[in-house]
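Peer 1: Keeping the supplied structure of chain A fixed, place chain B upon it in accordance with the hints.
Heads up: the protein sequence lines correspond to chains A and B, in order.
What the first sequence shows, in the numbering used here, is residues 9 to 505, in sequence order.
What the second sequence shows, in the numbering used here, is residues 9 to 505, in sequence order.
Any given hint might turn out to be false.
Since copy identity is lost for identical chains, a pair holds within one copy or between any two.
When the alpha-carbon atoms are kept at most 27 Å apart in a straight line, the in silico DSSO-like pairs for lysine-lysine are as follows [unchecked claim]:
| id | residue 1 | residue 2 |
| --- | --- | --- |
| 1 | K236 | K222 |
| 2 | K86 | K472 |
| 3 | K454 | K354 |
| 4 | K236 | K65 |
| 5 | K52 | K148 |
| 6 | K354 | K472 |
| 7 | K354 | K52 |
No lab work stands behind these hints, which were simulated from the structure alone.
Here the structure is a predicted model, which means the values were calculated and not measured.
Read off the chains here:
Number of protein chains: 2
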Amino acid sequence: MTQTTVAYAKRTLTTTQPRCLNIDNINPHIRAAKYAVRGELAVKAEEYRQRLADGDKSLPFDSVIFANIGNPQQLDQKPITFFRQVLSLVENPLLLENPEALKNSFGYKQDVIDRAQTLLANVQSVGAYSHSQGAPGIRKSVAKFIEERDGFAADPQDLFLTAGASSGVSTLLNVICNDSNAGVLVPIPQYPLYTATLALLNAQCVPYLLEEEKSWGTNVNAITQSIKEAKAAGTNVRAVVVINPGNPTGASLTADDIKKVIDVAAEEKLVVMADEVYQTNVFEGEFVSFKKRLRQLQKEQPGKYDAVELVSFHSTSKGMVGECGHRGGFFELVGFDPQVQEQIYKLVSIGLCPPVVAQCLLETMVNPPRAGDPSFELYEKEYNGIRDGLQKRAFALYDAFQRMEGVECQKPQGAMYLFPTINLPNKAIEAAQAEGRPADEFYCLKMLDATGVCAVPGSGFGQKEGTFHFRTTFLAPGTDWVERIVKFHSEFMNQYR
Amino acid sequence: MTQTTVAYAKRTLTTTQPRCLNIDNINPHIRAAKYAVRGELAVKAEEYRQRLADGDKSLPFDSVIFANIGNPQQLDQKPITFFRQVLSLVENPLLLENPEALKNSFGYKQDVIDRAQTLLANVQSVGAYSHSQGAPGIRKSVAKFIEERDGFAADPQDLFLTAGASSGVSTLLNVICNDSNAGVLVPIPQYPLYTATLALLNAQCVPYLLEEEKSWGTNVNAITQSIKEAKAAGTNVRAVVVINPGNPTGASLTADDIKKVIDVAAEEKLVVMADEVYQTNVFEGEFVSFKKRLRQLQKEQPGKYDAVELVSFHSTSKGMVGECGHRGGFFELVGFDPQVQEQIYKLVSIGLCPPVVAQCLLETMVNPPRAGDPSFELYEKEYNGIRDGLQKRAFALYDAFQRMEGVECQKPQGAMYLFPTINLPNKAIEAAQAEGRPADEFYCLKMLDATGVCAVPGSGFGQKEGTFHFRTTFLAPGTDWVERIVKFHSEFMNQYR
Chain A
9 MTQTTVAYAK
19 RTLTTTQPRC
29 LNIDNINPHI
39 RAAKYAVRGE
49 LAVKAEEYRQ
59 RLADGDKSLP
69 FDSVIFANIG
79 NPQQLDQKPI
89 TFFRQVLSLV
99 ENPLLLENPE
109 ALKNSFGYKQ
119 DVIDRAQTLL
129 ANVQSVGAYS
139 HSQGAPGIRK
149 SVAKFIEERD
159 GFAADPQDLF
169 LTAGASSGVS
179 TLLNVICNDS
189 NAGVLVPIPQ
199 YPLYTATLAL
209 LNAQCVPYLL
219 EEEKSWGTNV
229 NAITQSIKEA
239 KAAGTNVRAV
249 VVINPGNPTG
259 ASLTADDIKK
269 VIDVAAEEKL
279 VVMADEVYQT
289 NVFEGEFVSF
299 KKRLRQLQKE
309 QPGKYDAVEL
319 VSFHSTSKGM
329 VGECGHRGGF
339 FELVGFDPQV
349 QEQIYKLVSI
359 GLCPPVVAQC
369 LLETMVNPPR
379 AGDPSFELYE
389 KEYNGIRDGL
399 QKRAFALYDA
409 FQRMEGVECQ
419 KPQGAMYLFP
429 TINLPNKAIE
439 AAQAEGRPAD
449 EFYCLKMLDA
459 TGVCAVPGSG
469 FGQKEGTFHF
479 RTTFLAPGTD
489 WVERIVKFHS
499 EFMNQYR
Chain B
9 MTQTTVAYAK
19 RTLTTTQPRC
29 LNIDNINPHI
39 RAAKYAVRGE
49 LAVKAEEYRQ
59 RLADGDKSLP
69 FDSVIFANIG
79 NPQQLDQKPI
89 TFFRQVLSLV
99 ENPLLLENPE
109 ALKNSFGYKQ
119 DVIDRAQTLL
129 ANVQSVGAYS
139 HSQGAPGIRK
149 SVAKFIEERD
159 GFAADPQDLF
169 LTAGASSGVS
179 TLLNVICNDS
189 NAGVLVPIPQ
199 YPLYTATLAL
209 LNAQCVPYLL
219 EEEKSWGTNV
229 NAITQSIKEA
239 KAAGTNVRAV
249 VVINPGNPTG
259 ASLTADDIKK
269 VIDVAAEEKL
279 VVMADEVYQT
289 NVFEGEFVSF
299 KKRLRQLQKE
309 QPGKYDAVEL
319 VSFHSTSKGM
329 VGECGHRGGF
339 FELVGFDPQV
349 QEQIYKLVSI
359 GLCPPVVAQC
369 LLETMVNPPR
379 AGDPSFELYE
389 KEYNGIRDGL
399 QKRAFALYDA
409 FQRMEGVECQ
419 KPQGAMYLFP
429 TINLPNKAIE
439 AAQAEGRPAD
449 EFYCLKMLDA
459 TGVCAVPGSG
469 FGQKEGTFHF
479 RTTFLAPGTD
489 WVERIVKFHS
499 EFMNQYR
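Chain A on its own, in the form it takes in the complex (with noise of 0.2 Å):
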């Protein structure tokens, strides 16, 4: 009945005869790499799930909230019946042979069955290795998506099917770090991929702080000056990373906060990695892809930013989709040296290919029931009514937040996500020295002790010097636990002040 979030549990070893592998001659870069999401609350967390399932009564809390991890269908988020109606029928072909049944019995609609028809046409069958970027047939559909958002032309021949947005991002920081001087710039605070799988590579991650006051806005000065400085160390900065809508911040970036983006790529020569993953978890304006900004910005002044390199990520997992264990997404590639793009697809194609179930939810995804087709009612209802209900969650979060003492939150825009700030009084600080924490660590700890609330402290995403944060979804169904929070705060503040 579990999942997500049983970390690796502590072992001991069978004999003390020495072996190859020790902790201190693997690949060091593995055990530089942090990742926080999965780590030591983690465990904790499961580990009060599971006592609780044991029927220990002795928790001050009775459920655990799993508020670390944009995980959808682990909290109480149903997937969207035209999107799994079509994969069962990819996933058995032999359904399709009596459609008058699946009519009937199930309420399938013709035009799911189409689409599952369709799709085994392109796919030939969900159990063979597909083309390594992904199927043709259903890049297409992408590149239609791309299209219909952006307003201008995308090739099927510059999309790459992945398994989840983090394999893209691995691959293409694979490519764009050549040696150990090479840099690339990460938002902090960041989603901590990035900062990871750079530690894997041995590259350098190069920092830039967003604005906190500014609604986690992007200041460009803020990224020119990290370029300086890493440059005056040495440093080869080769990408720019951003993550709008924000992780964990929520932010969303205006057009013009893009160009600047763009402006800075296009002087300095970096490569744009926009990952753009919570693109329909906007709240507030509307999502600017960097490709649309880019292409206008192409059109407007000719020649400027022609050669700039951007990569676009996407996901099945987060949105209103939130298909998180089915593995599904892509990237695009705009600008790229197209003897470049063929080593890409040389190292997508040793990995033989993305998961083929995950290529045809992504193409539902992007080719969702139109105004007029059979499932449309539906799947409109199920589509608006997950992101109402996150909308909701968002603001009713937030509202707690601002009455918690010595907490600041940015007004919700996007993603799934709060990052509030908490002012710890010197007393909470220095408890977490005495235990060799970092302060915001601390504060979750003693949070999920109490609450049984797992959120993942700022410092596993990276935070301005002397500020403490914690990240928190806003998926868990219902206001209990967030006024457990509201109570353990008050008691910590009055414990610690």
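Peer 2: Just chain B, lined up with the frame of chain A:
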């Protein structure tokens, strides 16, 4: 309708302005990596397929046979019904609300329904991230499978579910290769995943030759000789890869062969990497796992083998399952230091989790219907039908090779491939040299041009200097394509003799 074989098509630059990334400044290890299975021949084969599909009548064949890759469901292999019925239900659990219709209209049996419910209880939703090592309940099933296979205990904590065996191999090589001096013993010929991944990691491939004349057996003297030479050259030899049954060779190792490898590993403190993805594709004798043999030795001679570190890989892509597109698999760690195992957990957690549908598929593979279960009869019939078909085709191909002048082929023992020697006439070798190609590549290109059959030249896997081979799967249905090869070969020999 296509997939698999469209490699990256040539493109031209849209601007000559310099970019950040070009072929000379990307990660040089990517450029150095070679992966022939999806290379030039595969691209050409796909072009031919497209021309035939477009009605081109000018080619000397009427179909392209993709014998270059072990992708059963791209050819005619049907998925096993039980697996796919279960997967259709985990994809759309709403189907479970009407079990009668499932049974009456679609022939689903009660054990299919029960299994889907058990799996859903394990993973909650196939759309939720699982534990990074794979859902605990599914790992329990895998452990049980290993225990039944080997007669020795297996611990779910030592199992890591993966996206195909490839990603597991990549994980382990990443951990083992601690610097550019680290070496891994790789059989020659080998599946090029190993050399490609070592190239990406900038580590040393330490080749050891298999003995063609002894059915491609593993010669321990060749291994110890290679170790000696590598050590003399300053390489830190850390692991030995064994592919059993062999790819591309089709060899199947005896218990005694396996002991010899384990002896060397114990003596030289090497990690044994046992690629056992073809463990059910064995025509002669019985598959013996490295784990079983190691446990036997540990029992027989207490102490001597206690510190041997073994990792064994398995997959849902091969065997009678052939579900390549699902990207499922696992590896088992034996004798690893728990601290190292924790680092492996952290590494895989950065990629979040393997595809959850593939985890469910893996569960059905390791825990198929048993005698007496409602789905057993059909399962057994399908399973045996695939097994017998593969064996029949393997021997038909082998018989054809026996009839071909200058071709020598070892008797099929296992896996999905034959890897014959072709004794090429000097005139052919010279003609190849004139084109700047290895002679076996020249031969395979001529074969493709004349017959539409796509095989992979031995140079893509490595071979003893001065010898030439090609690898062909025996997955394609019918015997017509085999006769095309026979006719081509005779004409080729007449031309170049």
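Peer 1: Against this structure, judge whether each hint is valid.
Peer 2: The hints, checked one at a time:
no., hint, in the structure
1, K236 / K222, "within (23 Å within a copy, 63 Å between copies)"
2, K86 / K472, "neither (37 Å within a copy, 57 Å between copies)"
3, K454 / K354, "between (48 Å within a copy, 24 Å between copies)"
4, K236 / K65, "neither (57 Å within a copy, 62 Å between copies)"
5, K52 / K148, "between (45 Å within a copy, 22 Å between copies)"
6, K354 / K472, "between (39 Å within a copy, 25 Å between copies)"
7, K354 / K52, "between (41 Å within a copy, 16 Å between copies)"
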